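Residue numbers (this note's numbering), protein chains in the order written: chain A, 10 to 128; chain B, 395 to 741.
Hints were generated in silico from the structure; no laboratory data involved.
Mixed in with the good hints, there may be bad ones.
Unchecked claim - With a Cα cut of at most 25 Å, we get these calculated SDA-like pairs of lysine to any residue:
hint	chain 1	residue 1	chain 2	residue 2
1	B	K677	B	D439
2	B	K430	A	A27
3	B	K459	A	P111
Just so it is clear, the structure is predicted and the values come from calculations on it, not from any experiment.
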Amino acid sequence: MSRRSIFIIITAVIMLGAGAWSVYLMLRPAGETVIISQDGKELYRLDITREPDRTIEAEYEGRKNIIEIKDGEVYMSHADCPDHICIETGKLRPDTPIVCLPNRLVIEYENSGLDGTAR
Amino acid sequence: MPEISRVLPMLMCLTLLTSCASDKAVSSTAADPNAKSSGSIFAMDTYITVTAYGENGDAGISAAKDEISRLEKMWSVTDENSEIYAVDHAGSAEMSISDETAELIEFALDMHERTGGALDISLYPVLCAWGFTTGEYRVPDDDEIAGLLARTGVGKIKLSGNNITLPDGMEIDLGAVAKGCAGDKAAAALKESGVECALLDLGGNIQTVGETKPDGKKWKIGIRDPYGEGSVATLEIGESAVITSGGYERYFEEDGVVYKHILDPKTGRPAESGLVSATAIGKEGRYCDSLSTSLYVLGAEGAEKLWRESEDFDMVLIAEDGSFIITEGIEDSFALTVPAEMKVLKR
Numbered sequence: 010m011s012r013r014s015i016f017i018i019i020t021a022v023i024m025l026g027a028g029a030w031s032v033y034l035m036l037r038p039a040g041e042t043v044i045i046s047q048d049g050k051e052l053y054r055l056d057i058t059r060e061p062d063r064t065i066e067a068e069y070e071g072r073k074n075i076i077e078i079k080d081g082e083v084y085m086s087h088a089d090c091p092d093h094i095c096i097e098t099g100k101l102r103p104d105t106p107i108v109c110l111p112n113r114l115v116i117e118y119e120n121s122g123l124d125g126t127a128r
Numbered sequence: 395m396p397e398i399s400r401v402l403p404m405l406m407c408l409t410l411l412t413s414c415a416s417d418k419a420v421s422s423t424a425a426d427p428n429a430k431s432s433g434s435i436f437a438m439d440t441y442i443t444v445t446a447y448g449e450n451g452d453a454g455i456s457a458a459k460d461e462i463s464r465l466e467k468m469w470s471v472t473d474e475n476s477e478i479y480a481v482d483h484a485g486s487a488e489m490s491i492s493d494e495t496a497e498l499i500e501f502a503l504d505m506h507e508r509t510g511g512a513l514d515i516s517l518y519p520v521l522c523a524w525g526f527t528t529g530e531y532r533v534p535d536d537d538e539i540a541g542l543l544a545r546t547g548v549g550k551i552k553l554s555g556n557n558i559t560l561p562d563g564m565e566i567d568l569g570a571v572a573k574g575c576a577g578d579k580a581a582a583a584l585k586e587s588g589v590e591c592a593l594l595d596l597g598g599n600i601q602t603v604g605e606t607k608p609d610g611k612k613w614k615i616g617i618r619d620p621y622g623e624g625s626v627a628t629l630e631i632g633e634s635a636v637i638t639s640g641g642y643e644r645y646f647e648e649d650g651v652v653y654k655h656i657l658d659p660k661t662g663r664p665a666e667s668g669l670v671s672a673t674a675i676g677k678e679g680r681y682c683d684s685l686s687t688s689l690y691v692l693g694a695e696g697a698e699k700l701w702r703e704s705e706d707f708d709m710v711l712i713a714e715d716g717s718f719i720i721t722e723g724i725e726d727s728f729a730l731t732v733p734a735e736m737k738v739l740k741r
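Construct the complete structure from the given sequences, taking the supplied hints into account.
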């Protein structure tokens with residue numbers, strides 16, 4: 010096998026891999042990627058179907074939020090704010106973001122089957 | 395391997411093409427007329443997202459965000475530099491306000507009339523006493539509420555052209571109309587930027603630009619489950635505003651009693667109308683915003699009466715027992731996603 014053929018095959022494997030990944034990105038079902046952002050900046054981008062159980066802490070102006078990921082579900086377990094609306098929102102659903110206004114923290118699915126939810 | 399060396403480069407080109415198409419989430423490329431752009435802003439005490447399609451998307455989103463920030467500076471009840479703050483702290487002196495603010499106050503006074511008093515922009519002192527404005531909740535006693543109610547009353551607001559006078563101690567708050575009006579003006583800013591297709595989500599107030607999405611389909615909007623986290627129904631709409639009010643948005647519990655944030659202007663206490671959520675669907679954001687609050691306060695009977703007197707909105711009401719009342723204008727575009735009883739009001 011010539012050096013040229015080996016080069017072509019290796020490049021092809023890489024390209025096909027990239028292609029397959031792109032196809033996967035395009036075709037995967039809505040509502041798998043969870044984005045955690047603070048003050049408009051993306052902090053985490055998680056594939057929730059693969060994410061191990063863990064705790065994520067986020068700080069904003071000295072105040073803290075704790076986000077729990079458990080069995081593929083996401084919820085806010087602690088927030089240094091008076092109203093705790095984000096905790097009461099419960100587990101993250103594809104059509105309703107979890108928002109902690111005082112700490113500018115948003116947890117949301119990247120895609121859902123709906124264009125929006127009136128709430 | 396002459397065959398492979400000829401075929402593989404072609405395959406590589408193909409895979410290259412597919413990998414370009416996958417970058418759909420982030421932002422537009424100028425060449426794609428259906429490209430989707432999105433942006434977000436924290437304003438008006440909520441989280442606002444703007445999604446726009448087409449080559450002017452980014453410019454439109456930026457114009458919409460600027461518009462919302464501008465309006466927040468005028469209408470915030472807590473910002474010491476806002477027009478509303480100035481009016482609220484004028485101590486019975488006459489104040490001159492901008493055309494836009496005067497127009498919105500006049501609209502709110504008109505809606506007060508139309509809803510039999512259910513929409514009341516003078517309730518702010520009572521809302522503060524309950525702690526709904528700060529999150530430091532408490533239950534005021536009857537005497538305190540009576541004292542505060544004496545400081546309310548839309549009839550005492552004197553508005554003449556751009557001049558407004560409030561009695562000393564009275565405070566107005568445009569919270570029930572400002573977000574809706576901001577939706578209208580942000581939608582106009584998007585259109586002026588050349589955007590024909592966009593969706594604004596102002597903390598759950600939905601407002602669309604364009605009768606369909608670029609794919610020709612109607613906008614599909616969920617209605618939040620008042621008892622849970624997901625949605626209980628979907629609605630397919632053209633260019634409209636869909637605005638929901640519900641006690642679940644903000645509430646607290648004390649001694650086993652749940653107190654919800656939408657107050658009945660007549661009692662100064664959380665409205666107990668038998669509804670858990672009210673959604674207004676119409677062309678104008680400020681109208682639907684004021685309606686959703688009013689319908690919730692009025693309850694099923696009062697809401698039906700208001701609908702029969704009007705020609706320009708549809709509604710979805712969810713009662714405490716989980717049953718639905720909808721109006722005939724949306725019958726074909728409305729679908730329940732949970733099993734529930736439903737009644738359709740016909741004219």
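Hint check results:
The hinted pair formed by B:K677 and B:D439 meets the criterion: a straight-line CA distance of about 24 Å does not exceed 25 Å. Of the pairs offered as hints, the one joining B:K430 and A:A27 holds, with about 23 Å between alpha carbons and a cut-off of 25 Å not exceeded. A C-alpha spacing of about 19 Å is found between B:K459 and A:P111, which places the hinted pair at or below 25 Å, so the restraint holds.
The structure fails none of the hints (numbered hints given earlier).
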